[in-house]
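Trainee: Please take these sequences and the hints and turn them into a complete structure.
As you go down the protein sequences, you meet chains Z and H in turn. Each residue of the first sequence is one higher than the one before, counting from 3 in the numbering used here. Each residue of the second sequence is one higher than the one before, counting from 1061 in the numbering used here.
Please keep in mind that the hints were generated in silico from the structure rather than gathered at the bench. The beta-carbon is built from N, C-alpha and C at its ideal position, and this holds for glycine as well. Wrong hints could be hidden among the right ones.
Cut-off 27 Å, straight-line C-alpha distance, at most; resulting in silico cross-link-like pairs (BS3-like, lysine-lysine) [to be verified]:
| # | chain 1 | residue 1 | chain 2 | residue 2 |
| --- | --- | --- | --- | --- |
| 1 | H | K1177 | H | K1260 |
| 2 | H | K1116 | H | K1299 |
| 3 | Z | K43 | H | K1210 |
| 4 | Z | K43 | H | K1155 |
| 5 | Z | K98 | H | K1063 |
| 6 | Z | K43 | H | K1177 |
| 7 | Z | K43 | H | K1159 |
| 8 | H | K1159 | H | K1133 |
| 9 | Z | K147 | H | K1063 |
| 10 | Z | K43 | H | K1285 |
Simulated restraints on C-beta separations [as the list claims (entries may be wrong)]:
| # | chain 1 | residue 1 | chain 2 | residue 2 | range |
| --- | --- | --- | --- | --- | --- |
| 11 | Z | Q53 | H | I1067 | 40 to 48 Å |
| 12 | H | S1230 | Z | Y67 | 21 to 29 Å |
| 13 | H | G1232 | Z | A112 | 44 to 52 Å |
| 14 | Z | Q53 | H | N1208 | 19 to 27 Å |
| 15 | H | G1196 | Z | I105 | 57 to 65 Å |
| 16 | H | V1247 | Z | I105 | 21 to 29 Å |
| 17 | H | S1279 | Z | A17 | 49 to 57 Å |
| 18 | H | S1216 | Z | A17 | 52 to 60 Å |
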Amino acid sequence: MSTSNENLNSTSKVAIIPLLAALVALVGLGDSIYLTVEHYKNEIPPCSIVQGCELVLTSPYAEVYGVPLSLLGALAYFIAFALALLTAFGNRSLWKIYGIQVILMSLFTAWLTYLQAYVIGAFCQFCLLSAATTFTLLLLFIVSKLFRTK
Amino acid sequence: MNKNLPIFIIVIVLIAAIIGGVALFRNQGSGPINSNSNNSNKATKQAAAFIDVLNKAPQGASPAWTKGDPAAKITLEEFADFSCPTCANFHQTLKEIEKSYGQKIKITYRHFPLQIKGHENSYNAARAAEAAGVQGRFWEMQNMLFSNQKVWTVQSENDARNTFIDYAKSIGIDVEKFKEDMTNGQVTAARVASDMNRGKALDLNSTPSVILNGSRLLSNEEVIKIDLLRQAIESELQKSAAPPASNSNSNQNAQ
Chain Z
3 MSTSNENLNS TSKVAIIPLL AALVALVGLG DSIYLTVEHY KNEIPPCSIV
53 QGCELVLTSP YAEVYGVPLS LLGALAYFIA FALALLTAFG NRSLWKIYGI
103 QVILMSLFTA WLTYLQAYVI GAFCQFCLLS AATTFTLLLL FIVSKLFRTK
Chain H
1061 MNKNLPIFII VIVLIAAIIG GVALFRNQGS GPINSNSNNS NKATKQAAAF
1111 IDVLNKAPQG ASPAWTKGDP AAKITLEEFA DFSCPTCANF HQTLKEIEKS
1161 YGQKIKITYR HFPLQIKGHE NSYNAARAAE AAGVQGRFWE MQNMLFSNQK
1211 VWTVQSENDA RNTFIDYAKS IGIDVEKFKE DMTNGQVTAA RVASDMNRGK
1261 ALDLNSTPSV ILNGSRLLSN EEVIKIDLLR QAIESELQKS AAPPASNSNS
1311 NQNAQ
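Mentor: Structure, rendered in structure tokens:
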């Protein structure tokens, strides 16, 4: 029942984990920026008999109403980064918002990974890196919760 | 200070992200200067071997679909697949090239539908383009297919055929004849097969594969970046202008 008032006891643990989360979010941010730029450059490698086409980034799922998913991803990572960093520097209440955001991101990422595996039938490296990043962010949140209960 | 530090970092990251993104976007064609110095012995040998293969390869559908002056000094022979997103981009690139060079460049279109996942409708699309071609509207259909690629590539075989029929209607050709030519036409089948045979003989394994001036394949970079394609065309234009002026006797050894 005292979950929300435990902040004081676990200060040192929680501060490190949000800092880590902020760093991981930066990786995701860089990755999504790269993908966004590639999207707007419209420079897709040729389709090859061996490797197929770049199916993922050219699929209809790569955009929502003309906005590339990677741009939304960049925005999400930036927000996650900001929340995690502010938490690390003492604003503990933001960690919850971070948690909610990261859970939503993970659900969305799971769906995108499912699309790659079963609908599009192809993967894109930088999309998988993004998936790994998001799941790491979620993992860090879970770990921080586990530490708190001890 | 402790309170402002994270905000400060966040602002820095935001600025870095925007600047980084813009810089990455602008960072095009960083290595075009090397395009000539790449011609080592190995490359020239490969080039000679490719010309040899070109000479031996079957001609493809005849007469081919071409645009521009038939006697143009610069030729681009494109092997493409209607389902290939890069080909759809290259289709737009060629429109730009046509605008800049007009009749100076002869552009040939050849079918090279790849048998890979997601390209189940490629072959039928090629037949559709040829079926429109029977009625003299090849280029209109070709443009239709590339412009609407995202619509019909994801459709089932039957739905895609119906979509092609809709395109035929909108182009204004005889739809019944189009249907027949697309599905059962001997001519359309033979023409697509001829183009594919030429592509196979050239050992092509990706689309778009583009042959410049009947002598070399464009690199992937040249296909993707219009600036590099322009450079390649300009250098060919210079070559074709230079020999009669100075070294007409030694031009075989010169390069």
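Trainee: Compare the structure with each hint and give your call.
Mentor: Status of the hints after comparison with the structure:
1. For the suggested pair H:K1177 and H:K1260, the alpha carbons sit about 19 Å apart, so the restraint of at most 27 Å is met.
2. At roughly 25 Å between alpha-carbon atoms, H:K1116 and H:K1299 fall within 27 Å of each other, so this suggested pair holds.
3. Only pairs whose Cα atoms come within 27 Å are accepted, and Z:K43 paired with H:K1210 is accepted, the gap being roughly 18 Å.
4. Taking the CA atoms of Z:K43 and H:K1155, the gap is near 17 Å; set against the 27 Å cutoff, the hint holds.
5. Taking the CA atoms of Z:K98 and H:K1063, the gap is about 19 Å. The hint holds against a cut of 27 Å.
6. With a C-alpha separation of about 25 Å, the suggested pair Z:K43 and H:K1177 falls inside the 27 Å cut-off, and the hint holds.
7. Distance check on the hinted pair: Z:K43 and H:K1159 sit about 21 Å apart at the alpha-carbon level, within 27 Å; holds.
8. Distance hint between H:K1159 and H:K1133 is fulfilled; the C-alpha atoms sit about 17 Å from each other, no more than 27 Å.
9. For the proposed pair Z:K147 and H:K1063, the alpha carbon gap of about 24 Å is at most 27 Å, so the pair holds.
10. For the given pair, Z:K43 sits about 9 Å from H:K1285 by alpha-carbon distance, which is consistent with the 27 Å threshold.
11. In this structure the hint that Z:Q53 and H:I1067 lie 40 to 48 Å apart at CB holds, the actual value being about 45 Å.
12. The hinted range of 21 to 29 Å is satisfied by H:S1230 and Z:Y67, whose Cβ atoms lie roughly 26 Å apart.
13. For the pair H:G1232 and Z:A112, the supplied restraint of 44 to 52 Å holds, since their beta-carbon distance comes to about 48 Å.
14. Take Z:Q53 and H:N1208: their Cβ atoms lie about 25 Å apart, and the range 19 to 27 Å holds.
15. Checked against the hint of 57 to 65 Å, the C-beta distance between H:G1196 and Z:I105 comes to roughly 59 Å, which is consistent with it.
16. A C-beta distance of roughly 59 Å is found between H:V1247 and Z:I105, which places it outside the suggested range of 21 to 29 Å.
17. A hinted range of 49 to 57 Å holds for the C-beta pair H:S1279 and Z:A17, which are about 51 Å apart.
18. About 55 Å separates the C-beta atoms of H:S1216 and Z:A17, a value consistent with the hinted range of 52 to 60 Å.
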